[in-house]
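Peer 1: Chains as they are written, first to last, in the numbering used here: chain A, 348 to 486; chain B, 2 to 656; chain C, 969 to 1286.
No lab work stands behind these hints, which were simulated from the structure alone.
Some clues are possibly wrong.
Cut-off 30 Å, straight-line C-alpha distance, at most; resulting in silico cross-link-like pairs (BS3-like, lysine-lysine) [to be verified]:
hint, chain 1, residue 1, chain 2, residue 2
1, B, 462, B, 402
2, B, 292, B, 407
3, C, 1181, C, 1219
4, A, 403, B, 462
5, C, 972, A, 437
6, B, 203, B, 246
7, B, 6, C, 1181
8, C, 1181, B, 511
9, C, 1219, A, 437
10, B, 58, B, 28
11, B, 511, B, 573
12, B, 462, B, 407
13, B, 292, B, 237
14, B, 402, B, 528
15, B, 18, B, 58
16, A, 403, C, 1219
17, B, 385, B, 462
18, B, 441, B, 203
Far from chain C, some chain A residues (derived; all Cβ distances over 10 Å) [said to hold, decoys possible]:
hint, residue
19, 374
20, 375
21, 394
22, 396
23, 434
24, 450
25, 468
26, 472
27, 475
28, 480
Even glycine gets a Cβ: it sits at the ideal position worked out from N, Cα and C.
What follows is the residue order along each chain.
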Amino acid sequence: MSEFEPKVVAFLCRWCASAGADLAGTSRLPYPPNAIPIRVNCSGRVEPQWVVEALKAGADGVLIGGCHPGDCHYVAGNYKTRRRVYLLRKVLAELGIESERVRLEWISATEGARFAQVMAEFVAALKRLGPLHGNGGAR
Amino acid sequence: MPEIKPRIGVFVCHCGKNIAGTVDVAKLAEAASRFPGVVYATHYEYMCSDPGQALLKRAIREQRLTGVVVAACSPSMHEETFRRAAEEAGLNPYLLEVANIREQVSWVHSGPAATRKALQVTRAVVEKVQGNRPLRPAEIGVVRRALVVGGGIAGIQAALDIANAGFEVILVERSPSIGGHMAQLSETFPTLDCSQCILTPKMVEVARHPRIRILAYSEVEEVSGFVGNYRVRIRKKPTYVDPGKCNLCGECAKVCPVRVPNEFDRGLSLRAAIYIPFPQAVPSTYTLDEKNCLGLVPLRCGQCAEVCEAKAIDFDMHEEILEEEVGAIVLATGYELYPKEAMAEYGYGTVPDVIDGLEFERLLSASGPTRGEIRRPSDGKIPKEVVFIQCSGSRDPEHHKPYCSKICCMYTAKHALLYRHAVPDGQAYVFYIDIRAGGKDYEEFVNRAMEEERILYIRGKVAKVFREGEKVVVWGVDTLTGRRVEVRADLVVLAQAIVPSPGTEELARKLRVACGGEGFLKEAHPKLRPLEALTAGVFLAGAAQGPKDIPESVAQASGAAAKVVALLSQPKLEHAPEVAEVEEALCSGCGICAPQCPYGAITVDEVAHVNEILCEGCGTCVAACPSGALTFRNVEDEQILRMVRAALEVADVGV
Amino acid sequence: MRAKLAVYWTGSCGGCDVSFLELGPGLLDVLSQVEIVFWPALVDAKRQDLERLPPRSIDITLVNGVLRTEENAEMVALLREKSRFLGAYGACAHLGGVPALANQGNGILEAVFGPGFRPAPPFPEAPEDTPPDLLPEALPLDEVVPVDFVVPGCPPPAGLIARFFEAALSGGLQPGQVFAEEKALCEECPRVREERRISRVLRPHEVLPDPEKCLLDQGMVCLGPVTRGGCEASCPKAGMPCTGCLGPTPKAGDPALALLSALASLVRAGEEGEAAFPEENRILDGLVDPIGTLYKYAFAKYGRPLRRLARRREEVRA
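Next up, chain A with everything else stripped away, as it sits in the complex (with noise of 0.2 Å):
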């Protein structure tokens, strides 16, 4: 049996964690493709709901990469992101649901290397977790 894939979906802002994820591609450095990455300006304009339901829909786990704190494109929708995946977290592992499979990671436009190296992490964790859905992610 190949080793279990898990899926992931990254919604990433704009301003930085995109940013961050094309200078991880302008710079050459690979990172598992895992991920499909979906561009939002901002991470405040991720919804609890987006989350739960890329769960629900097959992905193992989700990303959500926004701007270091300090640097929100946008002032402060960084902060609303955080203390909402804060709660969801909480009320994931109430349903029995590893929290660990909802990440929120600050990446910095700079930090290519760094978007590459939490890709890496967040892939071999839900590695370590296992898949979220049933069939043991056979493909």
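Based on these hints, arrange chains B and C on the given structure of chain A.
Peer 2: Below, chains B and C without anything else, positioned relative to chain A:
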């Protein structure tokens, strides 16, 4: 409205080998042609090239495409390019989206996985574009008039620059005259120009300028509206003197029985209740200070009016509320010195011969209370030993202000130097922590003070200042030698910390402009947008934004003015239409959205309203809206969920 | 001709049946226009009587209660077949309601009887009458049969019941209709919203709320902003936060997650920034029992899919 069947075109870019070297572009285009909604898919070597764009335009026309996905490099590279091309082909540019298969796929992945991810990314964007609506940039007119708040050097400079560019300016000043603190200064570092000599011509220019209207003795009461379209209520206090009639004879002040401390001289002299702050004041008129007058209603004295030959005094003058429309606002409300009461350890406020920097400026000034002779306040004697203490209240996070007030090193050097010029046999001491003389010719100026004028610079902090007989004793430590120092001085001058002028925060609140922790007006970005507030159409100048010297204030004021001119010169304001939007039929007016907006773009009455011009499009309010009444144009929840589901479906299928 | 009406309860507390009395004198009007063909709480008719009716012979059927047993599922299927219009009446049939919070656990019997529980071996001879088997999960009505309309509430408020009968008896029932407002409860709540920031999260027993101010602003978790109006905000008026019985507004989606997002957005511990994170977390930790609070009625409909995923995970791991 009948649902139009989507006709989506997908264009896969090779980017030479940048994409095609890793991603199987032919396979991607072939697979994309079978995505739901896609009627046309192709791949081409360089989509951003002219032939690539021609291919795109031709396909839009021939295939009657209702949406386009270009799978290529990051949208931050060529989204503009492709959207412009789409528009030229007759497709609304907001119906084109870019799928990033270079930076986020081909450059970081390899093998079949790269093609699979490219497929996922493209599939997701194909879903998104089907939910996009055609959009047009919002447009709004601009009132071609600016408001400048604060009549110090920064406000004066901003007003002149804007007016000289051809726009009307309303200059609001709280005190009876413009000029600000600069008018109080004796000479300016590092050139030792006479401050009033360089300032007053500018004040006169403001007074004479056909496009500048000075509203002195006035305050901003209320601000509503938004960029390009502000409505401002200004409260103009009565001066009880008609400036058109007043001929500055000064007879009124002579007969006035009242004497109160003169603010302009920082209390070192007295003035009457009817007064002119300084001879070159603009507007050039006397002002009757209602608070200190013996009484107007009923009139208890009236001597001033009796002696006024010009009949300029009008006791019936009333407060006026003026309503003005402006397109842009410059905040130049300046600074004040950290209050005396806070510096008890330096005897400030209790020992009469401990004064602050501005008081010393007045002693140095030829027009000051001592006519430029340095005489100490307690007994009028000429001080032979003067101690200057820098960082008084600055750089002291535990007890006072944590920040450096920036200008004190320079003005203290100037003070010491001017003192030595005035009292050649006097001795000046300067206690300092560091000397910060970053600026053109600044270091040289401090060196001149140290070396040529033999001013004794002592590195260390002063622990205590107290009075002993006629002397003011200063206890400190010289940290270079480690020795305790005691100076028995005749006068002590404190370089008090710079703080925002009183009322700054209140004004900021009216304009929805943020203040930092120390109360200075906060710029939109500390590095890239230092001249503007986050509130669109509001600009910052001078020390209200942070401690600054004159050249910096003037530079910032000119910069802010340039921004204002750029704003007011636009025929119409255009704004990207990808913003939040309220579905009013679903909005209960709960108001949870409004505090999420850093731009004040949301107002709530029965329902919420988003000001399209102010909304910067972060979407934080949309995610906060519990009822789903707020949506985000072309990034609706349903679009995102379609993207997620479709992309995850691809993962299931594999390649 | 009188409309033929059936009312049935499944896993219900009975409150929905009683709620019709809220119509007061209006009830007489309604009764004069309907013929009750089936209503276990009121008239003596048995399952066999129902089975004998021709298909689509009942004009309107109202089902209240959660679907908890095999018998519940069979009965609603039977009613569906016999009815022209079938609606969910009350929060349990609509969203699962409070009884569906049982879906949080792994099997209701295990939860009640403890980990050592084993079902008894079957009797050698099947007895004539046994209690019905439990469904694996407690379900809202529309998970078992198609539902034409909803009269929401716990129980439905009088105004909405009246509005329903008005439409139903005049032949104005629309498929998919929900007899409540499209706008959230805040629309009709008289409380004053000023601050729109939350500096603490409290449970109702921890605070004597200010009579004028918005409960959410006072730190109570009020589901009003995400819940349909239609009850005249009766709970908030009485100082109790809305718990969401009328169900989410049409575009809210999962009401628990929607309110969670709003709540987290409103929390402030001084100026926003890294220094405030620990205090913000402490405020958010004030939300104890997020499932019971946010999903009080809607867990079966919205929280259950995730719970199912988790349960399958647990099984795989075991």
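Peer 1: Need the status of pair residue 403 of chain A, residue 1219 of chain C: alpha-carbon distance at most 30 Å?
Peer 2: Distance of about 19 Å is within 30 Å: holds.
Peer 1: With the threshold set at 30 Å, check whether the alpha-carbon distance from residue 462 of chain B to residue 407 of chain B stays at or below it.
Peer 2: 17 Å, holds
Peer 1: For residue 434 of chain A, which was marked as not at the interface, is the minimum beta-carbon distance to chain C over 10 Å?
Peer 2: Check fails; 5 Å does not lie beyond 10 Å.
Peer 1: Was residue 394 of chain A rightly flagged as not at the interface, with every chain C Cβ beyond 10 Å?
Peer 2: 6 Å, violated
Peer 1: For the pair supplied as a hint, residue 58 of chain B and residue 28 of chain B, confirm whether the alpha-carbon distance does not exceed 30 Å.
Peer 2: It holds: about 23 Å lies between the C-alpha atoms, which stays within 30 Å.
Peer 1: Taking 10 Å as the cut and beta carbons as the points, is residue 472 of chain A off the interface with chain C?
Peer 2: Correct as stated: the minimum Cβ-Cβ distance to chain C is 15 Å, above 10 Å.
Peer 1: Minimum Cβ separation between residue 480 of chain A and chain C greater than 10 Å?
Peer 2: With a cut-off of 10 Å, residue 480 of chain A comes too close to chain C, as the shortest Cβ separation is near 7 Å.
Peer 1: Regarding the pair residue 6 of chain B and residue 1181 of chain C, is the alpha-carbon distance no greater than 30 Å?
Peer 2: 49 Å, violated
Peer 1: Was residue 475 of chain A rightly flagged as not at the interface, with every chain C Cβ beyond 10 Å?
Peer 2: With a cut-off of 10 Å, residue 475 of chain A remains clear of chain C, as the shortest Cβ separation is near 13 Å.
Peer 1: Does the claim that residue 450 of chain A lies off the interface hold, with its Cβ farther than 10 Å from every Cβ of chain C?
Peer 2: 16 Å, holds
Peer 1: Is residue 374 of chain A truly not at the interface, in the sense that its beta carbon sits beyond 10 Å from all beta carbons of chain C?
Peer 2: 28 Å, holds
Peer 1: Residue 385 of chain B and residue 462 of chain B: Cα distance at most 30 Å?
Peer 2: 22 Å, holds
Of the numbered hints listed earlier, those contradicted by the structure are 2, 4, 5, 7, 21, 22, 23, 28.
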